[in-house]
Amino acid sequence: MLVQVDELNIFVATGGKIFDPDLPTILFLHGSGGDHRTWAMQTRWFAYNGFSVLAPDLPGHSLSDGNAFSTIEESGIWLAKFLNTLGVDKVHLVGHSQGFLTALAFAEHHNDLVRSITAIGTAAEIPVNEHLIKTAETSRDKAAEMMCNWGFGPNAHQGISSVPGMQPIGISRAIMKNNPLEVDLRACAEFKRGSEISKNLSMHKHCILASHDKMTPMKAGLLLAKNMSVNPQIIQNSGHMLPIESPKKTLLALRKFIETIAS
Amino acid sequence: MANSSYYKPETIALHTGYTPESDHGSRAVPIYQTTSYAFDSVQMASSLFNVEQGGHIYSRISNPTVSVLEQRMAALEGGTGAICTASGMSALFSTFITLCSAGDHIVSSEQIYGSTATTLRYTLKRFGIECDFIPINDMDALRSAIRPNTKLVFCESISNPGMEVSNIPEISKCANSFGIPVVVDATFATPSLNRPIEHGANIVVHSITKWIGGHGNSIGGCIIDGGNFDWGCLDEKNKKKFPELTDPYAPFHGINFWEEFGPTAFVMKVRSEAMRDLGAALSPNNAFLILQGLETLDIRMKKHVENTVALRDWLLSQNGVSWVRHPEMRDDSHIKEMFPLGAGSMLCFGVVGERKGGAAFINSLSLATHLANVGDSRTLVLHPGSTTHSRLTKEDMEAAGISEDLIRVSVGIENIEDIKVDFLNGIKSALRTIK
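From first to last, the protein sequence lines stand for chains R and D.
Start counting the first sequence at 82; every next residue gets the next number (this note's numbering).
Start counting the second sequence at 6; every next residue gets the next number (this note's numbering).
Looking at chain R on its own, in the form it has when it is part of the complex (with noise of 0.2 Å):
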């Protein structure tokens, strides 16, 4: 659906049902150079079980107008006004890689309106090589392919598709290239107040990590875990794309810890 946020068309995936504030709702924010499809394995499950989902395409992504933010707290402020269009007053967050800094940004000032946040393939900060970012800027094309071969894990690069005849990196590379990456890189960069936030954070949490992330290592994983105070759950033979690359195994660890809280 197109939803209107500062004037601005937002398009945001439902997962094939009709949004219905009044079922607990999932929202689902992408990383660097991402888009709604990011969660495609994901979103129809929930939508058809009992909740209703929404996967924005941020602004200047994919199928929405605009510009992409500069700063992940930007991104924060953006996020109250767009649930506040939609009339939603509780909300579970999902966030992968720079999509969860988006959360912590937007939890930080609505922790009221957060039933829960759940970390996936990601750190409390994300520091971004100056060379990746140089590259997005010149060739956008270029540095999709460089975050696919380290983004991806070693099941992906041998062609595994849980998806019956897709190639999950050449997915990812498609929908990379044609978004802001340069932009979504340096807000990444530059936000240095994950830490603090990770670690005040007051409603139910979660962190599933890859054991073979490169982008957001491991160690960076576990750290984040630990400011949370949670468990992480860590997915094995999984790179940090894991919604793409092990789409079942990240459904299935959030439908665990989403019910959990529902029930």
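I should point out that these hints are in silico values taken from the structure, not numbers from a laboratory.
Backbone N, C-alpha and C define an ideal beta-carbon position, used for all residues, glycine too.
Don't take every hint at face value.
Partial pick of chain R residues on the chain D-facing surface, computed with a CB cut under 10 Å [claimed, not checked]:
(1) 90
(2) 97
(3) 100
(4) 104
(5) 124
(6) 125
(7) 127
(8) 249
(9) 250
(10) 256
(11) 280
(12) 281
(13) 328
(14) 332
Derived pair list, reagent style SDA-like, types lysine to any residue, alpha-carbon separation capped at 20 Å [to be verified]:
(15) R/329 - D/183
(16) D/13 - R/146
(17) R/329 - D/46
(18) R/98 - D/43
(19) D/425 - D/375
(20) D/242 - D/184
(21) R/330 - D/337
(22) R/329 - D/26
(23) R/330 - D/245
(24) D/245 - R/143
(25) R/337 - D/53
(26) R/329 - D/43
(27) R/98 - D/257
(28) R/329 - D/24
(29) D/341 - D/60
(30) D/130 - D/110
(31) R/329 - D/425
(32) D/13 - R/83
(33) R/98 - D/254
(34) D/13 - R/105
(35) R/162 - R/231
(36) R/330 - D/184
(37) R/329 - D/59
(38) D/245 - R/146
(39) R/329 - D/51
(40) D/425 - D/324
With chain R held as given, fit chain D onto it using these hints.
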């Protein structure tokens, strides 16, 4: 390196899409000879049917052995996904009907395989889909042929049987500027010699019966989604140009393939609709046999090309050979750019003695096989004048671009000296018909 894998093509062909399975450690891809797949629970069954998660339901739609082949083909061509079908023709038909509805229009190269031309000219017309045929490398002709209701431009990377090389970069630039995708049949090229998506094409189709399988034992087809076309584009009246992919699809709870799947919207629609409705599924046994061929594609293609060049040059020096045709004999710059490793292993030549000479050549061969197929590892020959076109007059054959003396050769990977000896016998027989 292709867009969807960081391995080199030789490695992709051997490893992509499969690692030894956990139960038995089978190194070869197992043949999943099954119609259907047990569901863990009602909830799981429901989620599979509703595309909430990936997996197999019924082998008409997908099968684990076939999927390995699909994932290899997608990676080799640099696509986002692939679907294998029962034949090359069913791959083409599935592609056409996924993108076109009654009232739509296709622009096709006039130099294409006869059965494809028949589908476009006659079969699809019965369903209200029209096609215009043009010299595809003439960009003015292409621009003129495109109508507001044109849904795709079709060509073959190396045409069958004319062996014209389509200028895919120019064709794609032109068609995409009108918001129209380019579909390329790349059967004669294989991804070892040319990957059309890297040159701007949007969808690639193969008859994997030919060089991909390579051993003349299984019929199959494949469709690869380039993931590089904006199906959400609008037409001149600001209406959706591809409602087949951007309107809610009732059979799947109103799913919008473009919004939901983006770079795999096309191939997901093929899986959801064409595979369900046409039922042209590749059998797992055939997928297994074709996988055995695919694993050695790269080294076979090198040998195919090496033999073709050697045979071409040898034929040019033979008394009794009137002419030789091979794509690399043309000066067009796009051929060298698109085919740096060689432009395939098909060639045509004429022998003295016209129709009688051609027939005498064929009858004298003992190594090369006379049949109606191409892309086998063995050398194959066909004399249209005494087979497929035998009932036509000389004039009718010329109108079809085929001379009475034409011999079509699919050059195999035997020792080239043995092929030459065999062909020399044939040429001597052709010479005897004019004495």
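Now the hints, each set against the structure:
no. : hint          : result
1   : 90            : violated (13 Å)
2   : 97            : holds (6 Å)
3   : 100           : violated (14 Å)
4   : 104           : violated (16 Å)
5   : 124           : holds (9 Å)
6   : 125           : holds (4 Å)
7   : 127           : holds (9 Å)
8   : 249           : holds (8 Å)
9   : 250           : holds (5 Å)
10  : 256           : holds (6 Å)
11  : 280           : violated (35 Å)
12  : 281           : violated (35 Å)
13  : 328           : holds (7 Å)
14  : 332           : holds (7 Å)
15  : R/329 - D/183 : violated (39 Å)
16  : D/13 - R/146  : violated (38 Å)
17  : R/329 - D/46  : holds (15 Å)
18  : R/98 - D/43   : violated (27 Å)
19  : D/425 - D/375 : holds (16 Å)
20  : D/242 - D/184 : holds (13 Å)
21  : R/330 - D/337 : violated (52 Å)
22  : R/329 - D/26  : holds (18 Å)
23  : R/330 - D/245 : violated (36 Å)
24  : D/245 - R/143 : holds (17 Å)
25  : R/337 - D/53  : holds (19 Å)
26  : R/329 - D/43  : holds (17 Å)
27  : R/98 - D/257  : holds (11 Å)
28  : R/329 - D/24  : holds (18 Å)
29  : D/341 - D/60  : violated (42 Å)
30  : D/130 - D/110 : holds (10 Å)
31  : R/329 - D/425 : violated (57 Å)
32  : D/13 - R/83   : violated (41 Å)
33  : R/98 - D/254  : holds (13 Å)
34  : D/13 - R/105  : violated (47 Å)
35  : R/162 - R/231 : violated (34 Å)
36  : R/330 - D/184 : violated (38 Å)
37  : R/329 - D/59  : holds (8 Å)
38  : D/245 - R/146 : holds (18 Å)
39  : R/329 - D/51  : holds (15 Å)
40  : D/425 - D/324 : holds (13 Å)
Comparing the model with each numbered hint stated earlier shows that hints 1, 3, 4, 11, 12, 15, 16, 18, 21, 23, 29, 31, 32, 34, 35 and 36 do not hold.
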